[in-house]
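Enquirer: Residues per chain, in single letters:
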Amino acid sequence: MQDRTVSYEKLTPGYEFPPAKYELSVSLVSKYLKAVDSSGDEFVPPLAITACAITAMAGSLSLPPGTIAIHASQELEFFKLLPIGATIECHARVARKINRGKMSMLILELEVFDQNKEKVQSGKATLALPG
Amino acid sequence: MLTNIQEGNALNPVVKHITQEKIDLYAEASGDFNPIHVDESFAAKTPFGGTIAHGMLNLAYVSEMMALAFGQSWLSEGKLSARFKQSARPGDTVTINGKIDSIEQKNGVSYATCSFECRNQKGEIIVTGEAAVRLPTDKK
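Residue numbers (my numbering), protein chains in the order written: chain P, 1 to 131; chain L, 132 to 271.
Keep in mind that the hints were calculated from the coordinates and are not lab data.
Quick reminder that beta carbons are idealized off the backbone N, C-alpha and C, glycines included.
Misleading hints may appear alongside valid ones.
What the hints assert, rightly or not - With a Cα cut of at most 25 angstroms, we get these calculated SDA-like pairs of lysine to any residue: (1) P:K102 <-> L:P178; (2) P:K124 <-> L:S204; (3) L:K210 <-> L:K176; (4) P:K102 <-> P:P64; (5) L:K210 <-> P:V29; (6) L:K210 <-> P:M105; (7) L:K153 <-> P:K117; (8) P:K117 <-> P:E89; (9) L:K230 <-> P:E75; (10) P:K10 <-> P:I98; (11) L:K176 <-> P:A72; (12) P:K97 <-> P:L28; (13) P:K34 <-> L:P178; (14) P:K119 <-> L:Q203; (15) P:K97 <-> L:P166; (16) P:K31 <-> L:P144; (17) L:K210 <-> P:E75; (18) L:K216 <-> L:N135; (19) L:K216 <-> P:T126; (20) P:K34 <-> L:N165; (21) P:K10 <-> P:I107; (22) L:K176 <-> P:E75; (23) P:K21 <-> L:P166.
Claimed, not checked - Sample of chain L residues at the chain P side, in silico, Cβ under 10 angstroms: (24) T134; (25) I136; (26) S172; (27) A174; (28) H185.
One chain only, chain P, in its complex shape (with noise of 0.2 angstroms):
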């Protein structure tokens, strides 16, 4: 299988990591309703789609050894909601890299379309990784 993951020195502002598409079943919604200690209807929680596009992001991502990825801030903004059983392609870009000392920031934006092309949401990550 081809490696798809690009190591963090390599990241430039403007990059974009591959788009990972997602099938919100049943199963992975219920799975997130459980973990968040919650109850859910037809729709999926907009929360639950802003964690596959972080997941798709951080999975194509390779950090040095040793090094963890802290959230440090998060923008979100949701435009529609989706039922059970929708498909998301998420699509994610550096927006910035700020290097401070030992402490590495990365600003990540987020985007989120239905099978239409219908933005779903957008958002924006902040990533410290300490030194």
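Following the hints, complete the assembly by docking chain L onto the known chain P.
Expert: Then chain L, alone, in the frame of chain P:
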């Protein structure tokens, strides 16, 4: 749903108990198996000294509070900005509180801006932020 939507009003708080089982379930559901969340021996050697909950798990609780207050309007058109100040750990009980800071009209539509914070049982802030939501036309 919140029945009295007015500036200064508090949202109904959400209280959750964090367990390693929930963190593991969240990792499975989200696919985020960062060892800081799920590998206790790895996490013990980090400055955290043990596993921590995903920041997005705490944010899910914030979203639950907003959904309880504003219903589908939040789920389909909400907007939030959150800063993760500290980590929640297994064994913590976190409480999410929020209040309506302002209600503004834009093009004939009312929007509520709320502040929120998530604190652990010691009163330490885990997450703070703001959320905005369109209000149903028959409210306000």
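Enquirer: Compare the structure with each hint and give your call.
Expert: Okay, the hints, checked on the actual structure:
This hinted pair checks out: K102 of chain P and P178 of chain L have alpha carbons roughly 14 angstroms apart, not beyond 25 angstroms. With a C-alpha separation of about 21 angstroms, the suggested pair K124 of chain P and S204 of chain L falls inside the 25 angstroms cut-off, and the hint holds. Using a Cα cut-off of 25 angstroms, the hinted pair K210 of chain L and K176 of chain L is violated, with the two alpha carbons roughly 37 angstroms apart. The hinted pair formed by K102 of chain P and P64 of chain P meets the criterion: a straight-line CA distance of about 13 angstroms does not exceed 25 angstroms.
Of the pairs offered as hints, the one joining K210 of chain L and V29 of chain P holds, with about 21 angstroms between alpha carbons and a cut-off of 25 angstroms not exceeded. Distance check on the hinted pair: K210 of chain L and M105 of chain P sit about 23 angstroms apart at the alpha-carbon level, within 25 angstroms; holds. For a cut-off of 25 angstroms, the pair hint linking K153 of chain L to K117 of chain P is broken: about 33 angstroms separates their Cα positions. The suggested pairing of K117 of chain P with E89 of chain P holds, with an alpha-carbon distance near 8 angstroms, which does not exceed 25 angstroms.
Restraint check for K230 of chain L and E75 of chain P: the C-alpha separation of about 19 angstroms stays at or below 25 angstroms, so the hint holds. Of the pairs offered as hints, the one joining K10 of chain P and I98 of chain P holds, with about 13 angstroms between alpha carbons and a cut-off of 25 angstroms not exceeded. The suggested pairing of K176 of chain L with A72 of chain P holds, with an alpha-carbon distance near 21 angstroms, which does not exceed 25 angstroms. Our distance criterion of 25 angstroms between C-alpha atoms is broken by K97 of chain P and L28 of chain P, whose separation comes to about 32 angstroms.
Under the criterion of a C-alpha separation no larger than 25 angstroms, the hint pairing K34 of chain P with P178 of chain L is inconsistent with the structure, at around 29 angstroms. At most 25 angstroms may separate the alpha-carbon atoms for a hinted pair to count; K119 of chain P and Q203 of chain L meet this at roughly 17 angstroms. Straight-line distance between C-alpha atoms of K97 of chain P and P166 of chain L comes to about 23 angstroms, which keeps the hinted pair within the 25 angstroms bound. For the hint linking K31 of chain P to P144 of chain L, the alpha-carbon distance of about 24 angstroms falls within 25 angstroms, and the restraint holds.
Distance restraint check for K210 of chain L and E75 of chain P: the Cα-Cα separation of roughly 8 angstroms lies within the 25 angstroms cut-off, and the hinted pair is therefore satisfied. Of the supplied pair hints, the one linking K216 of chain L and N135 of chain L is violated, its CA atoms being roughly 31 angstroms apart against a limit of 25 angstroms. Among the hinted pairs, K216 of chain L with T126 of chain P is consistent with the structure: their alpha-carbon atoms are about 12 angstroms apart, no more than 25 angstroms. Distance hint between K34 of chain P and N165 of chain L is fulfilled; the C-alpha atoms sit about 19 angstroms from each other, no more than 25 angstroms.
About 15 angstroms separates the Cα atoms of K10 of chain P and I107 of chain P, which keeps this hinted pair within 25 angstroms; it holds. As the CA atoms of K176 of chain L and E75 of chain P are separated by approximately 30 angstroms, the hinted pair breaks the 25 angstroms bound. Proposed proximity of K21 of chain P and P166 of chain L is supported: the alpha carbons are some 24 angstroms apart, at most 25 angstroms. Among the interface hints, the one on T134 of chain L is violated; its C-beta lies about 20 angstroms from the nearest C-beta in chain P, farther than the 10 angstroms criterion.
The closest approach between the C-beta of I136 of chain L and any C-beta of chain P is roughly 19 angstroms, which is over the 10 angstroms cut-off, so the hint fails. Taken as an interface hint, S172 of chain L does not check out: its beta carbon lies about 14 angstroms from the nearest beta carbon of chain P, beyond 10 angstroms. A least Cβ separation of about 9 angstroms between A174 of chain L and chain P falls short of the 10 angstroms threshold, and the interface hint therefore holds. Interface hint at H185 of chain L: satisfied, since its Cβ lies 7 angstroms from the closest Cβ of chain P, which is below the 10 angstroms cut-off.
Checked against the numbered hints given earlier, the structure breaks hints 3, 7, 12, 13, 18, 22, 24, 25 and 26 and satisfies all the rest.
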